[in-house]
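Visitor: Sequence:
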Amino acid sequence: MTLTELERKVPKLLEYTRYMPEDIRSRCTVRTHAAGSIIHQKNMEL
Numbered sequence: 001m002t003l004t005e006l007e008r009k010v011p012k013l014l015e016y017t018r019y020m021p022e023d024i025r026s027r028c029t030v031r032t033h034a035a036g037s038i039i040h041q042k043n044m045e046l
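Under our numbering, the first residue of the sequence shown is numbered 1, with each subsequent residue one higher.
Mixed in with the good hints, there may be bad ones.
Between beta-carbon pairs, the in silico distance windows are [what the hints assert, rightly or not]: (1) 42 / 12: 28 to 38 Å; (2) 1 / 21: 16 to 26 Å; (3) 35 / 10: 15 to 25 Å; (4) 42 / 18: 24 to 34 Å; (5) 45 / 18: 29 to 39 Å; (6) 37 / 9: 18 to 28 Å; (7) 6 / 38: 32 to 42 Å; (8) 1 / 22: 11 to 21 Å.
Since the hints were made in silico from the structure, they are not lab data. Virtual Cβ for every residue (Gly too), placed ideally from N, Cα, C.
Hey, can you work out the whole structure from these sequences and the hints?
Guide: Quick look at the structure:
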């Protein structure tokens, strides 16, 4: 899902993303993860 698609689903999000530069906006993707899954950075301790 792109940021624009998410903004359509959640219009209040525009309050926070309105002034985001276009180059950053075009690189954003939104991912969903299953409940209870662990998300961590590579090479970091859990």
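Visitor: So, for every hint listed, does it hold in this structure?
Guide: Results of checking the hints against the structure:
no.: 1; hint: 42 / 12: 28 to 38 Å; in the structure: holds (33 Å)
no.: 2; hint: 1 / 21: 16 to 26 Å; in the structure: holds (20 Å)
no.: 3; hint: 35 / 10: 15 to 25 Å; in the structure: holds (19 Å)
no.: 4; hint: 42 / 18: 24 to 34 Å; in the structure: holds (32 Å)
no.: 5; hint: 45 / 18: 29 to 39 Å; in the structure: holds (37 Å)
no.: 6; hint: 37 / 9: 18 to 28 Å; in the structure: holds (22 Å)
no.: 7; hint: 6 / 38: 32 to 42 Å; in the structure: violated (23 Å)
no.: 8; hint: 1 / 22: 11 to 21 Å; in the structure: holds (18 Å)
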